[in-house]
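For this one, chain E is given, so just place chain G on it according to the hints.
Number of protein chains: 2
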Amino acid sequence: MKSQINIGLVGLGTVGTGTAKILLENRDLIARRVGIPLELKRIVDLDVTTDRGIAIPDGVLSSDLPGLLTDPSIDIIIELIGGYDTAKRVMLDAIAQGKHVVTANKALLAVHGEDVFAAATRAGVDVGFEASVGGGIPIIRSLTEGLAANRCVSIVGILNGTANYILTQMLKEKQEFTDALAQAQAKGYAEADPTFDIQGIDSLHKLAIMVNLAYGTPVNVKEVFTEGIAQITALDIQYASELGMTVKLLGIAKVHDGDVEARVHPTLIDNHSPLAQVHGVYNAIHVVGDAVGDVMLYGQGAGAMPTGSAVVSDVMDIARNIQRQACGRVPPTSFPENQRIPIRIRPMEELTTRYYLRCMVVDRPGVLSQIAGVLGHHGISIMSVLQQGRQEGQTVPLIIMTHRASERSVQTALKEINQMASVVSQPTTLIRVEDEER
Amino acid sequence: MKSQINIGLVGLGTVGTGTAKILLENRDLIARRVGIPLELKRIVDLDVTTDRGIAIPDGVLSSDLPGLLTDPSIDIIIELIGGYDTAKRVMLDAIAQGKHVVTANKALLAVHGEDVFAAATRAGVDVGFEASVGGGIPIIRSLTEGLAANRCVSIVGILNGTANYILTQMLKEKQEFTDALAQAQAKGYAEADPTFDIQGIDSLHKLAIMVNLAYGTPVNVKEVFTEGIAQITALDIQYASELGMTVKLLGIAKVHDGDVEARVHPTLIDNHSPLAQVHGVYNAIHVVGDAVGDVMLYGQGAGAMPTGSAVVSDVMDIARNIQRQACGRVPPTSFPENQRIPIRIRPMEELTTRYYLRCMVVDRPGVLSQIAGVLGHHGISIMSVLQQGRQEGQTVPLIIMTHRASERSVQTALKEINQMASVVSQPTTLIRVEDEER
Numbered sequence: 001m002k003s004q005i006n007i008g009l010v011g012l013g014t015v016g017t018g019t020a021k022i023l024l025e026n027r028d029l030i031a032r033r034v035g036i037p038l039e040l041k042r043i044v045d046l047d048v049t050t051d052r053g054i055a056i057p058d059g060v061l062s063s064d065l066p067g068l069l070t071d072p073s074i075d076i077i078i079e080l081i082g083g084y085d086t087a088k089r090v091m092l093d094a095i096a097q098g099k100h101v102v103t104a105n106k107a108l109l110a111v112h113g114e115d116v117f118a119a120a121t122r123a124g125v126d127v128g129f130e131a132s133v134g135g136g137i138p139i140i141r142s143l144t145e146g147l148a149a150n151r152c153v154s155i156v157g158i159l160n161g162t163a164n165y166i167l168t169q170m171l172k173e174k175q176e177f178t179d180a181l182a183q184a185q186a187k188g189y190a191e192a193d194p195t196f197d198i199q200g201i202d203s204l205h206k207l208a209i210m211v212n213l214a215y216g217t218p219v220n221v222k223e224v225f226t227e228g229i230a231q232i233t234a235l236d237i238q239y240a241s242e243l244g245m246t247v248k249l250l251g252i253a254k255v256h257d258g259d260v261e262a263r264v265h266p267t268l269i270d271n272h273s274p275l276a277q278v279h280g281v282y283n284a285i286h287v288v289g290d291a292v293g294d295v296m297l298y299g300q301g302a303g304a305m306p307t308g309s310a311v312v313s314d315v316m317d318i319a320r321n322i323q324r325q326a327c328g329r330v331p332p333t334s335f336p337e338n339q340r341i342p343i344r345i346r347p348m349e350e351l352t353t354r355y356y357l358r359c360m361v362v363d364r365p366g367v368l369s370q371i372a373g374v375l376g377h378h379g380i381s382i383m384s385v386l387q388q389g390r391q392e393g394q395t396v397p398l399i400i401m402t403h404r405a406s407e408r409s410v411q412t413a414l415k416e417i418n419q420m421a422s423v424v425s426q427p428t429t430l431i432r433v434e435d436e437e438r
Numbered sequence: 001m002k003s004q005i006n007i008g009l010v011g012l013g014t015v016g017t018g019t020a021k022i023l024l025e026n027r028d029l030i031a032r033r034v035g036i037p038l039e040l041k042r043i044v045d046l047d048v049t050t051d052r053g054i055a056i057p058d059g060v061l062s063s064d065l066p067g068l069l070t071d072p073s074i075d076i077i078i079e080l081i082g083g084y085d086t087a088k089r090v091m092l093d094a095i096a097q098g099k100h101v102v103t104a105n106k107a108l109l110a111v112h113g114e115d116v117f118a119a120a121t122r123a124g125v126d127v128g129f130e131a132s133v134g135g136g137i138p139i140i141r142s143l144t145e146g147l148a149a150n151r152c153v154s155i156v157g158i159l160n161g162t163a164n165y166i167l168t169q170m171l172k173e174k175q176e177f178t179d180a181l182a183q184a185q186a187k188g189y190a191e192a193d194p195t196f197d198i199q200g201i202d203s204l205h206k207l208a209i210m211v212n213l214a215y216g217t218p219v220n221v222k223e224v225f226t227e228g229i230a231q232i233t234a235l236d237i238q239y240a241s242e243l244g245m246t247v248k249l250l251g252i253a254k255v256h257d258g259d260v261e262a263r264v265h266p267t268l269i270d271n272h273s274p275l276a277q278v279h280g281v282y283n284a285i286h287v288v289g290d291a292v293g294d295v296m297l298y299g300q301g302a303g304a305m306p307t308g309s310a311v312v313s314d315v316m317d318i319a320r321n322i323q324r325q326a327c328g329r330v331p332p333t334s335f336p337e338n339q340r341i342p343i344r345i346r347p348m349e350e351l352t353t354r355y356y357l358r359c360m361v362v363d364r365p366g367v368l369s370q371i372a373g374v375l376g377h378h379g380i381s382i383m384s385v386l387q388q389g390r391q392e393g394q395t396v397p398l399i400i401m402t403h404r405a406s407e408r409s410v411q412t413a414l415k416e417i418n419q420m421a422s423v424v425s426q427p428t429t430l431i432r433v434e435d436e437e438r
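Chains as they are written, first to last, in my numbering: chain E, 1 to 438; chain G, 1 to 438.
This is chain E alone, in the form it adopts within the complex (with noise of 0.2 Å):
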């Protein structure tokens, strides 16, 4: 019987020091729970001079990476440095260690998962992810555990708090895009290079993670549609408001007839829906279940406490794993690899769903009835049209709801819109519905 359980931490960033915090601060606790104590043995960054504000005992922090790997006392490796190559190594190192592993790493483990998770399963050892999608939110271990009794009908979550922070500027101070983003960044919930917030790839690796462990399949993130919300206008914002609806940028995950689609786009929802009320920094994942109906968990996505509150709670898990010699217990996508099934992607051209259209418009009388004559021909039907404000001569914009409608008829629909020169003075900006519940 081990007397203690000893952690490597490889990354001393924001996460890493919200992580040796809390294995700091609240070691009586966790000890208590646990039943015996974790040990913050061993912390390596590159940066071993910067004060991070937290008493780290002497010897602990060093920049000898190869010195952790090779510890033969260390028993968990968290990996806390991001990015794809150096993390992977590490985790991979680790594992060929016999060492378990805990990570936030979403990127990582959405391009790169398999190979982690096959090593590890071989190595009968644990990789720790509850990090990875939420931050603090325990999502992975609801649909691993929680809600594993249940055929997952449905996921949809705002998974990325800068842009749920950026648009939830937009609707409540009427502010740019640019604008708003700016803000963010001065806040410091945007990163310098924001790209992979803005531009939904942070919420894709985030969805595929989730649609790994809810169906069992692989996925292939290049076959997941993604949009990001830097088209978004305070316009379509305020328009959105007027219909009764907020945008949000939402990950959406559904079956169908044994396919599973898969999105990430800016959506339009039902100021009634709950995901609606979820603003700023937050995050919030909906999941429906055949038997348990609609769930909802939700809090803040980001940040270093809430995500070391997520990255300890697997460290435990792990510890108590250990102590039982039942690491494994939970493979690490939830199903045993030889029940994972690979499921169809099913392509964004096959989508059916509700649309809105604002297209910028020429102020003249038979406008309308040639963009509606354009829709009709491809089968799509309008919903309701607004057009506020007159300016004869000037451009405009036309607000168009359509009924459901196919994805592919509506991109040849808008592509046809969008070449009307005489009519159209810019691409129209289509914003996807998402219907409560499905």
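Treat the hints loosely; a few may be bogus.
[What the hints assert, rightly or not] Per label pair, the in silico range of CB-to-CB distance:
no.: 1; chain 1: E; residue 1: T195; chain 2: G; residue 2: Y84; range: 54 to 64 Å
no.: 2; chain 1: G; residue 1: R27; chain 2: E; residue 2: D51; range: 27 to 37 Å
no.: 3; chain 1: E; residue 1: S425; chain 2: G; residue 2: E25; range: 30 to 40 Å
no.: 4; chain 1: G; residue 1: V385; chain 2: E; residue 2: A182; range: 53 to 63 Å
no.: 5; chain 1: E; residue 1: R89; chain 2: G; residue 2: S3; range: 33 to 43 Å
no.: 6; chain 1: G; residue 1: S3; chain 2: E; residue 2: P66; range: 58 to 68 Å
no.: 7; chain 1: E; residue 1: Q183; chain 2: G; residue 2: S381; range: 35 to 45 Å
no.: 8; chain 1: E; residue 1: T178; chain 2: G; residue 2: I54; range: 50 to 60 Å
no.: 9; chain 1: G; residue 1: I54; chain 2: E; residue 2: P347; range: 29 to 39 Å
no.: 10; chain 1: E; residue 1: G83; chain 2: G; residue 2: K2; range: 37 to 47 Å
[Stated by the list, open to error] For lysine-lysine, the following BS3-like pairs were computed, each having C-alpha atoms within a straight-line distance of at most 25 Å:
no.: 11; chain 1: G; residue 1: K222; chain 2: G; residue 2: K88
no.: 12; chain 1: G; residue 1: K41; chain 2: G; residue 2: K21
no.: 13; chain 1: G; residue 1: K254; chain 2: E; residue 2: K254
no.: 14; chain 1: E; residue 1: K21; chain 2: G; residue 2: K254
Source of the hints: derived by calculation from the structure; they are not laboratory data.
Glycine residues also receive a C-beta, built at the ideal position from the N, C-alpha and C atoms.
Structure of chain G alone, referenced to chain E:
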């Protein structure tokens, strides 16, 4: 190595039927996830004839409880008969036979949980009770595992769907309590005897279970202040609405200098707080941890399938433990027995909070001054006063919002106010106010 795990179910009522349906209909998915089939081998109920609308295999359903309890092939027994005596006996007998147990019985666990948990720990078997709080919401796992790295700052929950449905009807349809209750009964949301739901006792049981898990302390339910919703009127809800607030029946637990404050009562909360958006039969639990910040879990708090989903998740968890011989991996209360430390439940008189008071007073000059005088005399300062409608000489409601005051002072002052027979025509209604987050 076992080739399958055998399950016995006691009690084929609403939740029992939902549980059986999930085990039968999602059998393949469950086996894929757990890596081994889970066989619903025996179901015991006094009624073996009523058609429950599920295809129970021949020979499974009987009224032979002793036969089930002593069947050596049964690994896990699910107790879904409810109540105290028989349920407790079933659980203790099953545990004595070395069987793992799963239950949705919050009343039993809140009152006799210590006996059940101690017996299970001695016998080295697992007790699953995810279904005891919040129906299908994975809150038990979140407290014991997902948020386990946190010192729990507070738990605030809408824990009873019946009460929440009634309050929602009173708000949205402007119904009075008795009408809303009758409607809840007609819709099957409230039982013929709704005492436990509307008097807050069911919420108390659920709160006690969560406090036990979050703080590692046994809880004596008699020490937890509990007040129901029967005295709330449509008028109170209307006034609350004018103040930008909503009335919810909440279970509240917080730490204070080593004490735990735990209470159940109707509460005024800000319309913008996430719990205010939880309507109808939904439940939600808002947890604040020192690391994770605030997290909320939301879903259907009752019903055959949501509750069955939680029951089966426990069965799957135990099946995973059985295969790895890791039963007891997470102790029932999440703290090993020797790490549980009794914590004082702070008596209600020591509470300080804000109050909404509705005094039914005779409408004549000087009345407000008299009432304000009594409050001032007891050190209770008034934040706002609202008196709508004038009916000289008639009884009218006087709505007083106080600043933060002590429960002891408020109760003493109310006693005095209620004795002012020439001014006050009926006992004053008091509703405590919960400020955001604290």
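The hints, checked one at a time:
no.	hint	verdict
1	E:T195 / G:Y84: 54 to 64 Å	holds (59 Å)
2	G:R27 / E:D51: 27 to 37 Å	violated (57 Å)
3	E:S425 / G:E25: 30 to 40 Å	violated (55 Å)
4	G:V385 / E:A182: 53 to 63 Å	violated (45 Å)
5	E:R89 / G:S3: 33 to 43 Å	holds (41 Å)
6	G:S3 / E:P66: 58 to 68 Å	violated (45 Å)
7	E:Q183 / G:S381: 35 to 45 Å	holds (39 Å)
8	E:T178 / G:I54: 50 to 60 Å	holds (57 Å)
9	G:I54 / E:P347: 29 to 39 Å	holds (38 Å)
10	E:G83 / G:K2: 37 to 47 Å	holds (43 Å)
11	G:K222 / G:K88	holds (19 Å)
12	G:K41 / G:K21	holds (13 Å)
13	G:K254 / E:K254	violated (38 Å)
14	E:K21 / G:K254	holds (23 Å)
Comparing the model with each numbered hint stated earlier shows that hints 2, 3, 4, 6 and 13 do not hold.
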